[in-house]
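Protein chains in written order, with our numbering: chain F, 3 to 157; chain E, 3 to 157; chain H, 3 to 157; chain U, 3 to 157.
Simulated from the structure, these hints should not be mistaken for laboratory data.
A hint or two may mislead.
Identical copies go unnamed one by one, so any copy, or any two together, can satisfy a pair.
Said to hold, decoys possible - Below 25 Å or equal to it, Euclidean Cα-Cα: the simulated SDA-like pairs (lysine to any residue) are:
id	residue 1	residue 2
1	K102	D118
2	K135	D121
3	K135	A154
4	K102	L146
5	K135	T24
6	K135	R99
7	K102	M62
8	K102	C27
On a predicted model such as this, the values are computed, not experimentally measured, just so you know.
4 protein chains.
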Amino acid sequence: MAKQAALPDVDAHAGENRVFATQVCVRFGDCDPAGIVFYPRYFEMVNNLVEDWCAQGLGMSFREMHLERGLGLPTVQIDTSFVTPSELGEVLQAELRVLKLGGASVALAVRLAGPDGEDRVRASLVLVMMHLKERRAVRIPDALRARMAAFASAE
Amino acid sequence: MAKQAALPDVDAHAGENRVFATQVCVRFGDCDPAGIVFYPRYFEMVNNLVEDWCAQGLGMSFREMHLERGLGLPTVQIDTSFVTPSELGEVLQAELRVLKLGGASVALAVRLAGPDGEDRVRASLVLVMMHLKERRAVRIPDALRARMAAFASAE
Amino acid sequence: MAKQAALPDVDAHAGENRVFATQVCVRFGDCDPAGIVFYPRYFEMVNNLVEDWCAQGLGMSFREMHLERGLGLPTVQIDTSFVTPSELGEVLQAELRVLKLGGASVALAVRLAGPDGEDRVRASLVLVMMHLKERRAVRIPDALRARMAAFASAE
Amino acid sequence: MAKQAALPDVDAHAGENRVFATQVCVRFGDCDPAGIVFYPRYFEMVNNLVEDWCAQGLGMSFREMHLERGLGLPTVQIDTSFVTPSELGEVLQAELRVLKLGGASVALAVRLAGPDGEDRVRASLVLVMMHLKERRAVRIPDALRARMAAFASAE
């Protein structure tokens with residue numbers, strides 16, 4: 003973690019704080035005729051969470067990643083359980099943990115919880131760092147990898 | 003406005019503060035292959051702005067409106083200019099003003115501005131209060147109307 | 003299968019034809035700044051496939067199910083692999099098979115293939131029949147179950 | 003129209019056939035908690051109509067336009083009336099006419115009609131041909147312009 007200590011701005015998340023969390027409001031446009039979240043919309047919430055994690059938790063926004071560095075971080079696998087429906091107007095807690103850090107890939111656990119703290123959605127996903135033009139997997143840059151490691155979780 | 007003075011919680015917006023404003027982040031999922039916002043997504047931003055205005059500016063969330071009161075506030079007309087494209091990662095300023103307050107309808111002006119303060123999107127829209135089950139227009143409740151009036155703008 | 007023979011209109015799919023298939027065009031609005039399908043959009047394609055299967059393959063549209071019968075068929079689990087990216091303008095082959103038919107639930111395998119016949123997306127999902135108002139699982143009606151069985155696959 | 007006669011493949015649309023039409027199914031994911039189309043979704047239908055018009059009516063797909071020619075056709079203005087709500091499962095008729103053909107721009111009228119032939123949505127929109135990299139308007143290529151002219155409408 004010595005390396006990480008040299009990185010600016012995100013050290014508050016290092017070490018002990020291993021969960022990246024945000025809040026998500028269930029919008030009118032997220033809900034279906036049954037009045038609950040239309041499940042493809044949950045994946046936009048998950049992608050937004052990953053986007054926020056990169057920008058705020060890892061210090062590299064999708065904009066920087068895609069436009070300046072020519073890299074992408076596509077999701078190649080996602081397994082998802084929709085435990086309980088979510089309703090219009092609810093504010094969900096979204097949490098992200100790193101399960102496994104590979105050479106070019108990172109496995110994440112995501113949880114969306116209701117106002118009562120109970121599970122709404124649980125997902126495990128695998129992202130792979132890609133060189134966008136060459137369309138091949140590339141090793142996650144060391145500085146980014148070190149920051150990701152701070153969100154590693156035993157669970 | 004005497005009536006409005008009796009309403010709780012939202013009087014900070016009454017009178018002088020006639021613009022309801024929020025911020026909107028341009029997400030990866032909002033952008034098209036040209037790297038700019040896919041225009042149907044702007045309308046979700048506009049709808050989210052109206053939703054936030056109802057909940058935070060008028061004190062009646064879409065949830066309360068739809069589920070408890072059986073009312074809806076559908077958009078029946080919207081004229082929109084896309085002045086300049088918006089890019090991934092930009093934070094837009096979203097502003098809402100009341101242009102005209104009818105019996106069952108309210109006309110709004112919405113503006114999305116870039117980080118430089120310049121226009122990105124300008125829209126004028128008309129919403130109509132509807133009884134959801136009977137599918138007919140109904141007069142906007144007086145308390146709600148009074149709160150809407152606080153956002154009326156000369157412009 | 004004697005029971006199924008008595009059902010009207012869908013017998014062309016009975017028995018030997020165990021794959022429900024449609025085609026999906028990759029739209030401009032489905033693609034992200036990297037020019038490939040934004041993965042939450044794949045889940046809309048999957049949901050549309052299930053919707054078409056119910057209407058055309060099983061003879062009970064979502065409209066009939068939701069509005070006339072008060073039933074829903076929410077997805078409670080979906081495991082998905084994004085094998086190869088899909089690009090703007092491609093026409094994908096979407097295929098659905100029944101993996102397992104429970105009391106209130108049905109497990110499906112979905113495959114989206116590219117113009118070359120290779121996998122783009124593979125998903126296995128579990129749907130549960132719900133009584134919408136009471137929000138509880140209910141047994142899949144026998145007629146519907148018999149029709150679902152025609153799409154059962156050994157694979 | 004002599005010029006147009008020389009263009010391959012799309013002459014069936016030339017002259018008399020001045021309306022480009024497709025059909026759109028109202029999907030579960032298009033509908034909101036009130037059971038009707040969530041209006042931002044209508045704009046995806048409009049964009050899909052324009053996309054189909056380019057590919058099938060004009061003989062230049064968005065894929066060819068964007069990826070091979072480096073051109074885009076963004077919508078810069080759209081005025082829309084939502085006349086009557088559309089419901090889950092309805093099949094809408096989508097129609098497109100050319101109102102005005104400028105140097106770099108084309109003005110279109112779009113109509114979505116219900117199964118009864120009545121208006122659901124009416125929109126007039128302006129598209130501008132852009133050079134994607136240079137982000138500036140460019141003259142619509144003559145061959146494309148000639149094909150567009152075949153959809154010009156007096157109305």
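Go through the copies and call it for K135 and D121: within, between, both or neither, with a Cα cutoff of 25 Å. Between copies, since 22 Å is at most 25 Å while 39 Å is not.
Within a copy, between copies, both or neither: which one fits K135 and R99 at a CA-CA cutoff of 25 Å? neither (29 Å within a copy, 35 Å between copies)
Can you give me the call for K102 and M62, within, between, both or neither, at a CA distance of at most 25 Å? Classified as within: same-chain Cα gap 19 Å, cross-chain 43 Å, threshold 25 Å.
Is it within a copy, between copies, both, or neither that the alpha carbon of K102 lies no farther than 25 Å from that of D118? neither (29 Å within a copy, 33 Å between copies)
Within, between, both or neither: how does the pair K135, A154 come out at a Cα-Cα threshold of 25 Å? For K135 and A154, the Cα distance exceeds 25 Å both inside one copy (30 Å) and across copies (40 Å).
Within, between, both or neither: how does the pair K135, T24 come out at a Cα-Cα threshold of 25 Å? neither (32 Å within a copy, 31 Å between copies)
Pop the pair K102 and C27 into one bin, within, between, both or neither, using alpha-carbon distances up to 25 Å. neither (29 Å within a copy, 29 Å between copies)
For the identical chains here, do K102 and L146 meet the 25 Å Cα criterion within one copy, between copies, both, or neither? within (14 Å within a copy, 43 Å between copies)
Hint violations for this structure: numbers 1, 3, 5, 6, 8, all remaining hints satisfied.
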